[in-house]
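Protein chains: 2
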Amino acid sequence: MRKALLLSALFILIPSLANASSNGGGHDESHMALVLLFIGALLLVARVGAMAEKIGQPAVLGELLLGAALSAVVSVTGWQGIRHLLQDPAVLFCASVGVILLLFKTGLESNINDMLRVGLRALLVACVGVALPFIGGYVTSGLLMPDTTFNARLFIGATLTATSVGLTARVFDDLKIKDSREARIVLGAAVIDDVIGLIILAVVSGIVSSGSVSWSGGAWLLGKSVLFLGLALFLGTALAPKLTAAFSRIHEGVGMKMAIALMFCFGLAYASVALVGLAPIVGAFAAGLVLDHVHFRQFSSEKNVEDLIEGIAIFFVPIFFVYTGLQVDLTVFQDLALVGNAIAITMVAIVGKVLCGFVSGPGTNHWLVGFGMVPRGEVGLIFLAMGKQLNVVNDRIFAMGVIMVMLSTLLTPPILTVIIRRQSPRAIV
Amino acid sequence: MRKALLLSALFILIPSLANASSNGGGHDESHMALVLLFIGALLLVARVGAMAEKIGQPAVLGELLLGAALSAVVSVTGWQGIRHLLQDPAVLFCASVGVILLLFKTGLESNINDMLRVGLRALLVACVGVALPFIGGYVTSGLLMPDTTFNARLFIGATLTATSVGLTARVFDDLKIKDSREARIVLGAAVIDDVIGLIILAVVSGIVSSGSVSWSGGAWLLGKSVLFLGLALFLGTALAPKLTAAFSRIHEGVGMKMAIALMFCFGLAYASVALVGLAPIVGAFAAGLVLDHVHFRQFSSEKNVEDLIEGIAIFFVPIFFVYTGLQVDLTVFQDLALVGNAIAITMVAIVGKVLCGFVSGPGTNHWLVGFGMVPRGEVGLIFLAMGKQLNVVNDRIFAMGVIMVMLSTLLTPPILTVIIRRQSPRAIV
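Residue numbers (the working numbering), protein chains in the order written: chain A, 35 to 463; chain B, 35 to 463.
If you're looking for bench data, these hints aren't it; they were derived computationally from the structure. Hints may be right or wrong, so weigh each one.
One copy or two, it doesn't matter: identical chains are merged, so the pair holds either way.
What the hints assert, rightly or not - 27 Å max Cα-Cα, derived DSSO-like pairs, lysine-lysine:
1. 337 x 210
2. 88 x 276
3. 422 x 88
4. 337 x 422
5. 276 x 337
6. 422 x 276
7. 88 x 337
8. 88 x 210
9. 258 x 210
10. 258 x 88
With the hints as extra help, turn the sequences into a complete structure.
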């Protein structure tokens with residue numbers, strides 16, 4: 035009863051803020067304070083969502099669902115104020131920092147040698163996990179909607195390829211199995227399929243705009259990406275101890291330790307976007323893999339670098355997931371024919387990735403790897419947006435893609451929980 | 035030598051980012067990553083600035099000076115990219131969060147009863163510290179510049195009134211004397227003079243625009259501010275244990291603890307801007323005073339709330355100070371006649387506040403309180419901007435005000451350090 039009251043209070047609070055925002059305008063300090071309050075409210079919503087843990091689900095599921103519920107309230111009541119707040123650059127910034135820090139933290143907690151040990155398996159899983167959904171999406175969209183063009187089918191296939199690694203990393207973290215071989219394979223494969231997805235996008239866009247396949251363009255992207263990741267990992271590993279030692283001579287306090295770690299993270303995140311065109315999370319993950327406790331042994335602080343990043347991540351990461359939930363537009367579910375097709379495409383998207391789990395090799399839980407690869411996210415949506423720009427993807431196909439992203443994101447946490455619970459009932463107390 | 039190399043590397047890095055930014059444009063993900071990298075660079079600059087500690091100065095002095103040095107490099111070379119980055123909403127957001135969290139942290143570390151115990155003293159210090167600089171500024175500007183109008187002199191006087199509490203709080207923190215009676219008096223007086231400054235601004239603006247004094251407007255503002263602070267402190271103290279207990283039943287983890295604390299902070303910060311028109315830091319400080327360890331005893335986490343906020347503040351706070359340093363526009367020092375007048379006004383601003391330290395009562399170091407009240411900041415600049423809008427303050431007076439803010443900000447940390455060192459040589463190892 036009290037919980038219900040508290041929750042209602044939150045839902046009353048936020049719209050009234052939103053109104054205040056749309057009335058206010060202009061005054062900078064007041065707007066900034068409102069954005070901060072909104073971020074505080076998102077954090078509180080996230081923590082209320084963490085109630086999911088009480089029914090054995092990962093906290094991230096609650097964050098996503100409460101975000102989606104809030105989004106439904108907004109779309110039913112039409113409060114424009116919240117929409118304005120959601121588009122505020124500072125909110126978007128916090129959400130982006132959230133996912134970047136999450137991948138950095140994941141990388142920090144992983145070990146580069148352990149990752150390389152699963153490298154070939156991850157490559158295999160990634161390739162199968164890209165090929166099957168791509169082919170499946172192409173064929174299924176042709177069967178379901180015979181009027182779609184060849185180009186549209188290509189885009190639908192491409193949209194199904196890239197795993198959204200953030201969600202899986204969070205679920206593995208929530209369920210405390212991020213040190214497993216399965217988790218390493220999934221993380222590695224997700225980074226690799228981001229690269230493959232990028233190449234597919236370039237090739238598909240090339241086919242659509244020129245009518246022919248540009249093998250050289252694809253090869254150049256592949257080379258650039260592999261070179262970047264290779265350089266980041268090997269140069270990073272070589273330079274990290276020297277850089278940290280040099281900066282520790284300037285100041286050996288806890289603040290410097292954090293500043294260097296974040297510079298590594300943000301620097302590689304920026305490089306991966308600006309130099310190669312990969313997602314910033316790929317660079318952040320690489321930065322995390324490169325850095326290690328031992329690099330910071332010259333510092334006087336008793337806090338290790340994971341704890342420092344965790345202290346900041348606890349602020350930013352939940353914002354990303356509630357924000358992601360808030361992007362869910364439930365009105366697309368009103369068109370039943372469209373929903374039917376979208377569910378079929380989603381099934382293909384899920385089955386394609388689940389099957390790739392079966393090449394993860396002996397001694398691994400194939401279902402865990404397969405479902406770990408299922409969530410799709412912003413990369414798929416970028417493909418759709420690109421297709422729309424090129425006049426290949428229409429509004430209906432776009433909505434189907436959005437439903438696929440939503441379902442794959444919302445279904446993965448509970449399914450992974452069941453798989454893990456069956457495997458070892460003690461793992462999720 | 036190595037330090038010099040590292041520093042040069044930073045200074046080469048940032049302009050090249052800046053160029054990348056101005057060439058890039060458009061692409062959102064890449065811009066976001068660039069902003070992040072810039073923030074990482076600001077953090078690293080801040081930590082290099084912390085070298086000031088090696089010569090017995092507070093870290094914040096180094097942060098401000100390096101910020102100012104960077105600003106000089108930018109203004110000499112004319113790199114527009116950095117200027118764009120500085121005006122980016124996300125950077126401004128991080129700086130604002132920094133000063134808000136700093137005051138919240140300061141409030142958390144203070145005790146409301148200890149603060150109330152020095153309440154009357156703080157009120158006295160605040161009143162004298164507002165009256166003397168106001169009268170001094172009015173008289174001095176008349177003597178130095180006989181051609182200034184009555185209205186302009188009023189605005190110059192008003193600009194000198196409000197202490198920027200953030201800087202002093204940081205210096206007291208850096209020098210580890212934030213638990214002293216002097217620190218409490220200064221913090222209390224700074225909050226009070228923010229309220230008085232607000233009223234003066236309203237009254238002065240009224241005089242300028244209508245030609246007559248609006249006593250009722252001033253009284254209404256005073257009443258509203260006192261009511262707000264009173265309600266925030268007493269209602270907050272009564273409700274905090276109940277709210278934390280209720281939310282601890284939803285989730286008793288470390289994330290919820292942080293979310294509630296931040297909601298308190300951001301909520302009161304917003305209320306102080308939106309309801310009363312006070313600076314958000316006033317509300318944040320009140321929120322910190324209200325919250326206490328004991329309110330969180332239902333939570334399972336071993337980390338106390340100060341540590342949690344410290345973990346986030348370590349990211350945001352240095353950004354605020356480097357950002358403040360970057361606002362310094364050294365080109366105003368080129369006009370020597372103007373600099374002469376500005377130095378005279380600054381002397382008045384300093385002497386007025388130092389004298390108010392002498393009413394801080396027996397058993398306190400008057401110099402410490404007086405110089406603690408010296409730094410001026412954004413409130414003074416807001417007065418100047420308002421005066422410019424009303425066509426009362428011209429560009430020269432504006433530049434003088436900026437010099438006064440800069441000097442008072444840069445001189446305070448070393449002077450406070452000397453005072454504290456004389457008082458107890460052990461306090462700053």
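These are the hints, each one checked on the structure:
no.: 1; hint: 337 x 210; in the structure: both (21 Å within a copy, 20 Å between copies)
no.: 2; hint: 88 x 276; in the structure: between (46 Å within a copy, 22 Å between copies)
no.: 3; hint: 422 x 88; in the structure: neither (42 Å within a copy, 58 Å between copies)
no.: 4; hint: 337 x 422; in the structure: neither (48 Å within a copy, 49 Å between copies)
no.: 5; hint: 276 x 337; in the structure: within (20 Å within a copy, 33 Å between copies)
no.: 6; hint: 422 x 276; in the structure: neither (47 Å within a copy, 51 Å between copies)
no.: 7; hint: 88 x 337; in the structure: between (30 Å within a copy, 22 Å between copies)
no.: 8; hint: 88 x 210; in the structure: within (15 Å within a copy, 42 Å between copies)
no.: 9; hint: 258 x 210; in the structure: neither (35 Å within a copy, 51 Å between copies)
no.: 10; hint: 258 x 88; in the structure: neither (46 Å within a copy, 44 Å between copies)
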